[in-house]
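Chains as they are written, first to last, in numbering that gives the first Met the number 0: chain Z, 0 to 476; chain L, 0 to 476.
FYI, nobody ran anything at the bench for these hints, they're computed from the structure.
C-beta: ideal position from N, C-alpha, C; glycine also.
Don't take every hint at face value.
[Stated by the list, open to error] Where chain Z lies over chain L, by a calculated footprint (3+ residues, C-beta under 8 Å):
#1 41-48
#2 439-453
[Claimed, not checked] Simulated crosslink set (PhoX-like; lysine-lysine; CA at most 25 Å straight-line):
#3 Lys191(L) / Lys40(L)
#4 Lys191(Z) / Lys238(Z)
#5 Lys91(L) / Lys462(L)
#6 Lys462(Z) / Lys251(L)
#7 Lys440(Z) / Lys462(L)
#8 Lys138(Z) / Lys5(Z)
#9 Lys251(Z) / Lys91(L)
#10 Lys91(L) / Lys462(Z)
#11 Lys440(L) / Lys462(Z)
#12 Lys462(Z) / Lys90(L)
#13 Lys462(L) / Lys443(Z)
#14 Lys227(L) / Lys238(L)
#15 Lys105(Z) / Lys72(Z)
#16 Lys191(L) / Lys238(L)
#17 Lys191(L) / Lys441(Z)
There are 2 protein chains.
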Amino acid sequence: MIELEKLYDRIIQRTNINLRELDFDVATQIQDLIPLSQLTKFYAFYGISPNHPIDFQFRHSSLSGSYFLGKCKVTNSLLYKSDIRGDELKKKGDSFQFKDFSIPIKRDESMSIENSMLIKTLVHNFSHDPETPEEFYIKDTISLHFANIHGAPSRGCFLEPFATVDLTTMNECVIGAYSYIQAGEINRLNIKPGTVWVRVPDNFNFLYQFPQDQLDEYVCFNKCETPKGILMDFVNDRKEDFQQVFDMVSKKQPISVPDNASLDPYAVTKAENHINEKVLVSQRAFLQNVWMGMGANAQENSIIINSRLERYNVTAHGAKIIEADLGEKVFVGFNSFLRGKPNEKSNSRLTVGKGSIVMPHTIIDIEDQLVIPEDTLVWGLIRNEKDLKQNSVSIQEFEKVETGLSMGNMVFEGNGANFVAAFRDRINHILEANGAFFDGKKNKGHAQKNQNMSFNTIQPYPKGDLEGLYPTIIIQP
Amino acid sequence: MIELEKLYDRIIQRTNINLRELDFDVATQIQDLIPLSQLTKFYAFYGISPNHPIDFQFRHSSLSGSYFLGKCKVTNSLLYKSDIRGDELKKKGDSFQFKDFSIPIKRDESMSIENSMLIKTLVHNFSHDPETPEEFYIKDTISLHFANIHGAPSRGCFLEPFATVDLTTMNECVIGAYSYIQAGEINRLNIKPGTVWVRVPDNFNFLYQFPQDQLDEYVCFNKCETPKGILMDFVNDRKEDFQQVFDMVSKKQPISVPDNASLDPYAVTKAENHINEKVLVSQRAFLQNVWMGMGANAQENSIIINSRLERYNVTAHGAKIIEADLGEKVFVGFNSFLRGKPNEKSNSRLTVGKGSIVMPHTIIDIEDQLVIPEDTLVWGLIRNEKDLKQNSVSIQEFEKVETGLSMGNMVFEGNGANFVAAFRDRINHILEANGAFFDGKKNKGHAQKNQNMSFNTIQPYPKGDLEGLYPTIIIQP
């Protein structure tokens, strides 16, 4: 395992060099946190389909548990249960719109993850950086459990558990646990845990800060310790169910789904589930007794239990929905945790009215029934009616905001209508990309393209100096 | 599947061009025999260990079900459930002995299988050709179900089902079903089914011919039809047991074995089996209620049921042993079929005395008890005492043969002692290579080296023009 240890040390060193201006030492944060001996026990896998041009190159890396789809290049990196999706890469001849610029794409976009360590991290590549439209890079970056790097090139960064960076180019930043950052470009920032920040420079700025003590109950990261809290426990409770899925080579569809829908063979389904047309259930999603309306999707690492989602619902990466009824076109953002209670004694489920937007990294965890009205914007930590009043606003009202709004721990500056329009656009893009609007011919999305996939599993050297590392693997069409 | 069909046609064409002097048309033999649609349903896999230098390169091939170990290169070939073992490749600096020549090996030996179609064929690479010591090639060759190509470079050949070519360089030959050829170098021969031929030019020549009608009961190949007969049925009856093993990604040792023994995770074990020290149970072997003595081995595709094998037994590739008791150091050659009957009514098991040599491709299929004495050489088809008399000889007697011997369908020319010595040498080499003589430090063999292996599974394109073909895959240390 000597080479694996060297790789580990080198990645930490590189990240530290990048973070020196912030006076931040990654080693003191993650010492002994990642048991390298574990890495030899997993296998990595990648999908091959007629719809995703491949160009995988893994050199002297450790890949355990990774999932690759589409072009990829990983050099001297350590990925541990990472998902990496290259299914929205720009193609030669495409045109990429950025503000008033229409940028022609000169060659197929590639991915590259060099000298990075991504622990149970999802990487999804709808990249947006107008400076490097042909390359989606992640370099000298370390991210911990269930972090998401979403269309977010990064260099020399450290992401704590359950952090999400979305459509943001980051240089030399530290992102605290359960923080969500969608802010264009950021440099040398140290963002504290539980920050939800959505910014379009010169347009609007949304900022919410979780109360630290209450956030700790849900997500808590202390130096060099495994992350704790309700979210971590909730994920760990389902480890065994996933183990069973990962143990089998030939995946058979456990339940029947319509021709234009797709249920990933690496998803878990338990009890009775109903999958309607154009639904996408992604890799590592978990469904237990769920009704999914037409065009709804359950993205990677989402967990949905005893719930009904009407059509065009979006459950973003890592979101959890339990004992809840969601109306049409409800959006539940990244890593949100929505937990109602079963109707055993009284009616204590959670209801989210149609058209509502649950901001990324929102926690709704209730003891008594809670009904969120139609077309509501919701954020932050909500455990009862009182919290809801402070952490939500009618979208119609919000669109009237012209200069700013402040409610509880949330501060908004800028134009509310623009903020809502940007969100609606994004939700439409997600539905479209996922195949919710497929008409039998046009608008194919992931739900249609991800069918007919074959999966290849790869394992590291089992013993010797190279234990835990993979041989150099090059796969080309 | 267009590209797969083109590949299939091209390989047939190439083989036909090679076989034109024999006026042999492969297409008329195998038309519709290989359902190409089946090929998309399997996965291929290869092993990675610290002990086997890898250099896999698969380009525009179809690999379904293959198993690769050690260096390999497969270009535009179609391998279907093939096993290919590169674990006895010569290394740079080795010296290869051929008669009086001591040939220095200038670079690591490589394997290459170009424009070939190998259907459920085992390829094992202890190559012996003094003309190409650094390359083990198989080119423009088609071989059918359960054929073995064993250290046998070949060019432009066609092997019918259950044929074995062993330590033979073949050019433009046709080898009939259940024929065993170990003959140095052969060119443009059309060998009829059921021929057992062992020759060392200028030394000895052993030739046995199975009676055609009786062979048909066991192995029967008619143009364009799936092979029939008891051997084929016997293998097919165990398909499901293997399916279960192949369905799991993480192979766990089903029974405990000594540290210096090895039970391949892709072997099947049923009922109670006892594995002693230094035993090797290879990939795709099948053991059911078997006692394996120290240093005994069960090679690829062997099937052993309700039997006891004393120490240093060799069960060669594809041999089957049922309801039998084998003394010390019994050798059972390739594809032999030894079937006693259970002791339910009377004692009707098969007993093989210690030191006996059961020639490759021997069929012993008895209704009543049969005891083969110690140190006996056995061949051909034996169903009772009378057959045994005609198809066996005491090794001591045989060693006295100076010019020739003829018994039943067997003709021997040359020196008997040389023949026996050559066989004994070979058996010792097999035991040594398999690790039977490991003393804790020296004489490591496959039983020790094959531990700590990790397995990677790869699948073909599932749809589209490339259906059934694999992307280009290059794997290097």
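Cross-check of the supplied hints:
Residue count for the region 41-48 of chain L with a Cβ under 8 Å from a Cβ of chain Z: 3. That meets the three needed, and the coverage hint holds. Taking a C-beta to C-beta cut-off of 8 Å, the region 439-453 of chain L contributes 3 residues in contact with chain Z, enough for the three needed, and the coverage statement holds. The hinted pair formed by Lys191(L) and Lys40(L) fails the criterion: a straight-line CA distance of about 34 Å is larger than 25 Å. A distance of roughly 29 Å separates the Cα atoms of Lys191(Z) and Lys238(Z); the hinted pair therefore is violated under the 25 Å criterion.
Under the criterion of a C-alpha separation no larger than 25 Å, the hint pairing Lys91(L) with Lys462(L) is inconsistent with the structure, at around 42 Å. Restraint check for Lys462(Z) and Lys251(L): the C-alpha separation of about 17 Å stays at or below 25 Å, so the hint holds. Proposed proximity of Lys440(Z) and Lys462(L) is supported: the alpha carbons are some 18 Å apart, at most 25 Å. In summary, the hint linking Lys138(Z) to Lys5(Z) is supported, as the alpha carbons are separated by about 17 Å, within the 25 Å threshold.
Using a Cα cut-off of 25 Å, the hinted pair Lys251(Z) and Lys91(L) is violated, with the two alpha carbons roughly 46 Å apart. Of the pairs offered as hints, the one joining Lys91(L) and Lys462(Z) holds, with about 24 Å between alpha carbons and a cut-off of 25 Å not exceeded. For the hint pairing Lys440(L) with Lys462(Z), the CA-to-CA distance comes to about 18 Å; that is within 25 Å, so the pair holds. For the hint pairing Lys462(Z) with Lys90(L), the CA-to-CA distance comes to about 22 Å; that is within 25 Å, so the pair holds.
Between Lys462(L) and Lys443(Z) the alpha-carbon distance is near 17 Å, which keeps this suggested pair within the 25 Å criterion. Only pairs whose Cα atoms come within 25 Å are accepted, and Lys227(L) paired with Lys238(L) is accepted, the gap being roughly 16 Å. Between Lys105(Z) and Lys72(Z) the CA atoms are separated by roughly 19 Å; this keeps the pair inside 25 Å, and the hint holds. Simply put, Lys191(L) and Lys238(L) have alpha-carbon atoms about 29 Å apart, too far for the 25 Å limit, and the pair is violated.
A distance of roughly 59 Å separates the Cα atoms of Lys191(L) and Lys441(Z); the hinted pair therefore is violated under the 25 Å criterion.
The structure fails hints 3, 4, 5, 9, 16 and 17 (numbered hints given earlier, in ascending order).
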